[in-house]
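Dock chain to chain to rebuild the complex, using the hints, since each chain is given by itself in its own frame.
Listed below, chain by chain, are the residues.
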Amino acid sequence: MTSALRAFQRELDVTGHNLANVNTPGYTRQVTDLKSNDPTNIHQGRPIALGSGVSVASVGRIRDMFLEARRNEVGADQGRLSAQSEGLSGVEGIVADPSAPGIDDALTSFFDSFSALSSNPNQLGMRQQALQAGQTLANRIRDTYSQLQSLKESQMGQVGETVARINELGSGIAKLNEEIRQSVNGGGQPNDLLDKRDHALRELSTLADVKTQNLPDGTVSVSLNQLSLVAGADFRAMPTSPVDPIAGTIGVGDAKVDVRNGRLKGQFDALGGINSAQQRLDGLANAIRTGVNEIHELGTNAAGATDLKFFNDANPQTGAKDFDLDVAVKGKPEAIAAGTSGAAGDGDIALALSRLRNQGSAGLGGRTFGNDFADLVTQVGREVKAVDDALDTQNALATQVDTQLQSVSGVSMDEEMANMLRFQRSYQAAAKALSSFDSMFDDLLGMLR
Amino acid sequence: MRISTNHQFDSFSRGITDTQRKLVESQMRATTGKRINRASDDPTGAGSLVRMGAVKQSIGQYVQNGKMAKGVLAATEGALSDVNDLAKEAYQLAVRGASDTVNAASRAAMAAEVVGMQKRLVDLGNTQDANGGYLFAGQRNDKPPFTAQGSNLVYNGDGRTRFAELAADQTVPINTSGTPLMTDLYTRLESLRQALTDGNTEKLSQTSIPEMQKSVDALNLERSVIGTRLNTVADLEVQHLRREDELTGRISDVEEVDMTQAIMDYRLAETAYEAALNVASQGFRLSLMDFIRG
Numbered sequence: 001m002t003s004a005l006r007a008f009q010r011e012l013d014v015t016g017h018n019l020a021n022v023n024t025p026g027y028t029r030q031v032t033d034l035k036s037n038d039p040t041n042i043h044q045g046r047p048i049a050l051g052s053g054v055s056v057a058s059v060g061r062i063r064d065m066f067l068e069a070r071r072n073e074v075g076a077d078q079g080r081l082s083a084q085s086e087g088l089s090g091v092e093g094i095v096a097d098p099s100a101p102g103i104d105d106a107l108t109s110f111f112d113s114f115s116a117l118s119s120n121p122n123q124l125g126m127r128q129q130a131l132q133a134g135q136t137l138a139n140r141i142r143d144t145y146s147q148l149q150s151l152k153e154s155q156m157g158q159v160g161e162t163v164a165r166i167n168e169l170g171s172g173i174a175k176l177n178e179e180i181r182q183s184v185n186g187g188g189q190p191n192d193l194l195d196k197r198d199h200a201l202r203e204l205s206t207l208a209d210v211k212t213q214n215l216p217d218g219t220v221s222v223s224l225n226q227l228s229l230v231a232g233a234d235f236r237a238m239p240t241s242p243v244d245p246i247a248g249t250i251g252v253g254d255a256k257v258d259v260r261n262g263r264l265k266g267q268f269d270a271l272g273g274i275n276s277a278q279q280r281l282d283g284l285a286n287a288i289r290t291g292v293n294e295i296h297e298l299g300t301n302a303a304g305a306t307d308l309k310f311f312n313d314a315n316p317q318t319g320a321k322d323f324d325l326d327v328a329v330k331g332k333p334e335a336i337a338a339g340t341s342g343a344a345g346d347g348d349i350a351l352a353l354s355r356l357r358n359q360g361s362a363g364l365g366g367r368t369f370g371n372d373f374a375d376l377v378t379q380v381g382r383e384v385k386a387v388d389d390a391l392d393t394q395n396a397l398a399t400q401v402d403t404q405l406q407s408v409s410g411v412s413m414d415e416e417m418a419n420m421l422r423f424q425r426s427y428q429a430a431a432k433a434l435s436s437f438d439s440m441f442d443d444l445l446g447m448l449r
Numbered sequence: 001m002r003i004s005t006n007h008q009f010d011s012f013s014r015g016i017t018d019t020q021r022k023l024v025e026s027q028m029r030a031t032t033g034k035r036i037n038r039a040s041d042d043p044t045g046a047g048s049l050v051r052m053g054a055v056k057q058s059i060g061q062y063v064q065n066g067k068m069a070k071g072v073l074a075a076t077e078g079a080l081s082d083v084n085d086l087a088k089e090a091y092q093l094a095v096r097g098a099s100d101t102v103n104a105a106s107r108a109a110m111a112a113e114v115v116g117m118q119k120r121l122v123d124l125g126n127t128q129d130a131n132g133g134y135l136f137a138g139q140r141n142d143k144p145p146f147t148a149q150g151s152n153l154v155y156n157g158d159g160r161t162r163f164a165e166l167a168a169d170q171t172v173p174i175n176t177s178g179t180p181l182m183t184d185l186y187t188r189l190e191s192l193r194q195a196l197t198d199g200n201t202e203k204l205s206q207t208s209i210p211e212m213q214k215s216v217d218a219l220n221l222e223r224s225v226i227g228t229r230l231n232t233v234a235d236l237e238v239q240h241l242r243r244e245d246e247l248t249g250r251i252s253d254v255e256e257v258d259m260t261q262a263i264m265d266y267r268l269a270e271t272a273y274e275a276a277l278n279v280a281s282q283g284f285r286l287s288l289m290d291f292i293r294g
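Line by line, the protein sequences are chains B and E. If you're matching positions, the first sequence starts at 1 in my numbering and goes up one per residue. If you're matching positions, the second sequence starts at 1 in my numbering and goes up one per residue.
These are calculated hints, taken from the structure and not from any lab test. One or more of the hints may lead you astray.
[Claimed, not checked] Where chain E lies over chain B, by a calculated footprint (3+ residues, C-beta under 8 Å):
1. 338-345
2. 352-358
3. 371-383
4. 410-421
Ideal Cβ placement from N, Cα and C applies to all residues, glycine included.
Okay, chain E solo, but in the shape it has when bound (with noise of 0.2 Å):
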């Protein structure tokens, strides 16, 4: 074939910008560290990135919502602690108000520790979170739910539920209502210190030791409910945690080039491009004018 001056010219061009091209392109993957710089390196990859890079920050949220919702349910079992504490007192009180041992002024000092026990109850109905939302009120938390009213608790919350929502499609309940729960033992209470104050021995016995025992079950069995829900946040931590994992190591597979193998295409790109450079240098030394006489 009939070589042109330009076609040889033409041909050592285009070998440096070709392999000037490829050292760019395998210098970017090099430096990023990344295989697809721009979605058309791979278009379905690119497209996974984007859905696994959702999936990933949502289970950082999901993640999030339990730290918060862990402490919300503790803050409410220490709360309940202490009201369980408090009935386990007021139970003790029923059993040696009922005993014939005690006199009635030892009564009538029992009957003001209770009413030094409502007035706690009623503080610790009204315990708020790290927020300052009211644990106890339901979603009406932005207001205190107990006033005590003569001898009744009133409560003011609406006793319904909230909840965290802790997976794609599981939401766990953070609160308790404080109703029938401290209701029912400040009642019980208030049906403790009439008892007392009346010396009535036998209602003493036969109703207030077994309501505060029914209190006592009460408040154990919401205790253990919210010791489960504790160990659920607790799963689904580990779970998504690991689920995390997981998702960094498929993004990361989809992402990253191989560094090792990345260094080496950009030295083989460098040794071509200077060779390419070389060769166009070298290769007008010789032509015909070189050998004209004269």
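Here chain B stands alone, though its shape is the one from the complex (with noise of 0.2 Å):
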């Protein structure tokens, strides 16, 4: 009786216990698994065994295993694509932003103020015009790298946060690993910690490809390809340094992880995207340095300068960051070379430079340079929706994942409530049963005085 007493009271904390952590991330609800007790044997003649009541033989969790294991795999992809789309929407928005000026305006801009220059050169307002297109051209293509270089930096900020997160948790894991294990040593079943180590787990496949192993001593051990994170309580970090985003790699040498999936790949894939926005910038900007400074250099000014530069140009040439007007022309209108001979109406010059517009460039692969950005606006946003698309697909996965885990390890609060009711209605049965028994005995005791 007083076994019945005791079991139905630990139930009935094992329910408040469910009830209290009806919210906690994490968490799995825990059942008693009760066992009757084993018989002890009378003989009345005849070997007559007699139940002795009821134990609790264990409070475990419910899980399931296979479903933990997809959720996480599922979370690995979840965050390397969210990750990836976070960085992939910054590129969009300084690269191909619809409703702000860009570089195709002040492209267009710059072959316009050269097409009026080409009838009126010796006019200075036309000149000024023509200066102030190349000036925009030069500043919006440096601008955007720059921003795309400070999205860069944020990023890498990010990276940084990421491997910090992913040593933390590491670092968690290993101590709950020793707890756990001393724990089962001693027969126990410390359910509260498993499951802390399994929303740290959790959390980690999101941020990395790890790979984790049950151990018989109650350990786990965690790895992240050729590093071993977490073994038994021993933690070795993850390096900061160096990020090669490309390879996909952190760390050099020895020390060197390949990483595969997760936020961190996803962050390392949008610096591949912010860096190959920057290569196609600097291949424009190049381009046109070529194509503008091969045409002005054949044209004399008002001053009888000839092979002048009208952009800065450099051997090997800088790309994007510096791209600027050359000294010869910035800020003064009347050094622009607009005809061959220098003569106050010869705008042949000028009238080529428009004309550029149309004409492929080698460094571009023929393209036209307003084609080639146009392809850069199409391909960013093509990444960018690919990347949305494929993570709304794993939403929707994940959403199936969690409810089927939720239907297996979530507290239902009026399951819990109902079981409330029963576990106080059998408690209430074996006290009367106990108090039965009591006044029975006093009767006995009774009889007896």
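Take a look at the structure:
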């Protein structure tokens, strides 16, 4: 009887614990596993087994290991795609914003200003316009590049934060491993510690493609490709540098770690996207330099100077970072060489510059400058869209798996309340039985007096 | 399937965040009127918009160049018309001077008139356009092309053609060289003046009259060339404006939402959002706790 009271009280405790943790993230509902006690044998002529009540065999967590593993896989993909989407949206906003005046506008205005100049090359107003248009184009390309550079720096900062978090989680898991091992050694079942560790592993699996292995001593070993992050109570930190986003690795030499999934990989992919956009801009800037200067150098300005560059150029070419007007013309509209002969009304160089808009550039694979930029816009848009679409799919998948997981492991308040009623009744019954027994005993004692 | 409490909450809150996101997206489309607010909304469309925008902007420049060209050609035509009148007057003088009914005194007066014409010719030859460029100087249009030196008209221009870019691969010449048109006329006027002063009627009728005719013809020819160019400019302008309209239409097809559709979508999204909020608030009215006694 008393064993029943103790058992039912335990059950109420567990129910209370479940209710208390209904909102705890990562909490797995617990159930008591009752077993009837070994019977005592009494001899009344022949051996009769008399039951000796009930006890709690274990308090276990209700989980589905297969679903958990599946959820972690999906989480890794989700993490990767969402991190990549965040980074690439930044690139899209910088390079391909349809509502803001962009490089394409500046490019067309540049060509147009030379078209106007070709008919009236000796007009100061026209020259100033052409110079200004060139300056605007250079400024805009430079600004776009530097905004991408800032984005890259903030992404690298995020990489640092992610690695720090991985290391934080890893070290936490190692500590939990130790506590769990000691408890398991002593025959216990540390359900709440196990939940904590599973929760940490779940978060870790969204950050990088870790592999876990449950060991018989109750610990979990965690590895990230070449790195053994957690082994028992031992924790080895991930290196924080150098980061190679194209190869997808962190660290160098023996300490190099590959990262193939999770937020960290997504951040690497985003960095790759930023790099690729910067390279396209470099290509465009250099092609503009070459194309414009080749023509402008053939012209003579009013002062008789020839072989002048319009955009600053160097060998090797420097790209978009410092793209600007050449010192020969910067701030000097009269220095523009609008015609070959240098005569006041000779605008054939300006005409050729205007027509450059329709000429393919060898440095851009035969594309015109405008088309190259339009291609870049489309390419960036496509990348973002592809990642967003894939993320939507993973999110839907994750929701599905989560639903199944919750169905198995989640606490249902109504269910616990119903259990509570049941255990309450059982407790009342056992207490009643005990009190009947007690009053029967009283009667017996009364008879003996 | 067993339903956990968290699952209920999660599905309500997911319902709210999803419908809210769709509401904001459809709101953006209805407010901006654009279906492409980010390149990823329609990557190919976004690329087309860049290309079409560049073409449309360049057409605007060609049209502007055309207006400038019209101005210069019209000013040239005006000056040439005046020179033409001058040549016709000289022709008349030559005819009168060749006639026997005119005396030496009259011829002397006519000679004086010719001097006046020569001066006017130099001025007309140095006509400037609205921007101060000299119309007949070729590409050396920052300085007056004509100076009279004794009996000669010296041309300091270079006689080269100036162009206006009126289409992607089309230029139209916008100037006329002052030589040989005006230098010839000046020389012929000089010869006329000399003949009048000398009273050389034979020269007047054998040489001056046909020469003046030649100048008149040459001027007429040049004027008709300019007329043709003006027509070309006008035709191109019409073509450009038509093309511009067509592009505007195509751009709007790619870029803009159908406003009626956008507003309907917004209303639907709003309704869905309200429903999600409503359901969530109703969802937890009932639980076992309401029914447990004590």
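Tested hints:
1. Closer than 8 Å: that is the beta-carbon criterion, and the segment 338-345 of chain B has 5 residues meeting it against chain E, so the requirement of 3 holds.
2. A count of 4 residues in the segment 352-358 of chain B with a Cβ less than 8 Å from any Cβ of chain E is obtained; the coverage claim is therefore met, three being the minimum.
3. Here's how the segment 371-383 of chain B fares: 10 of its residues keep a CB closer than 8 Å to some CB of chain E, so the rule of at least three is met and the hint holds.
4. Evaluation of the coverage hint for the segment 410-421 of chain B: fulfilled, as 9 residues show C-beta separations to chain E shorter than 8 Å, against a requirement of three.
Every hint, counting from the list given before, is met by this structure.
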